[in-house]
Amino acid sequence: MRVTVLVVGRAGTPFRDAIHEYEERAARYWKLQVIEVSSGAGGKGKASPERVTHVEEVKLLNKIPSGAEVVALTRQGKAMTSTELARYLGGRALTSTREVCFVVGGAYGLGPRVMERADRTLSLSSTTLPHQMARLLLAEQVYRAGTILRNEPYHKGGS
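According to our numbering, the residues represented by the sequence shown are 6 to 164, in order.
Please note: incorrect hints may appear among the correct ones.
[To be verified] Quick list of simulated restraints, FRET-style, between CB atoms: (1) Arg103 - Pro158: 26 to 32 Å; (2) Lys161 - Ser131: 22 to 28 Å; (3) Glu55 - Gly162: 35 to 41 Å; (4) Thr133 - Gln38: 22 to 28 Å; (5) Asn156 - Lys68: 22 to 28 Å.
Since the hints were made in silico from the structure, they are not lab data.
The model shown is predicted, which means the values in this text are computed figures rather than measured ones.
Built from N, CA and C at the ideal position, the CB exists for glycine as well.
Let the sequences and hints guide you as you build the complete structure.
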């Protein structure tokens, strides 16, 4: 099954190396695809948060793979343990879901149309995270899900 991570912005320091490390590890278990879209901030002028969110929303919607099950990352989303995320991904693979697309917004989050397009939501934390940190945590959890499904020793927690 393909796992797509659709994210606003590029992996920047100080997170870049860790993000790439976990994305490489996750690719051992999933057909991993990472799609980065540029921020909606654009240019030298200060765009309003609403404008930035709208521009990013259009870019994200245009990049969501056709037929993918979309999971929007948001603070208000459903919290899952690592084991629950592994079961979710494993279950999707067994039900012939071709692709799961995780969508990570920019500094102002995801726009309403992306949220409407989402089949489900996921919260990595009840706190607000920088989008690059959310990408890092997601990459690690997708990797961890693969190790859980294969009963490999990486995951030590009970859930």
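Going through the hints against the structure:
1. Arg103 - Pro158: 26 to 32 Å: Hint holds: Cβ distance 30 Å, inside 26 to 32 Å.
2. Lys161 - Ser131: 22 to 28 Å: Roughly 23 Å apart at Cβ, these two residues keep to the hinted range, so it holds.
3. Glu55 - Gly162: 35 to 41 Å: Given a distance of about 39 Å, which is inside 35 to 41 Å, the answer is holds.
4. Thr133 - Gln38: 22 to 28 Å: 27 Å, holds
5. Asn156 - Lys68: 22 to 28 Å: For Asn156 and Lys68 the Cβ distance comes to about 34 Å; the hint is violated.
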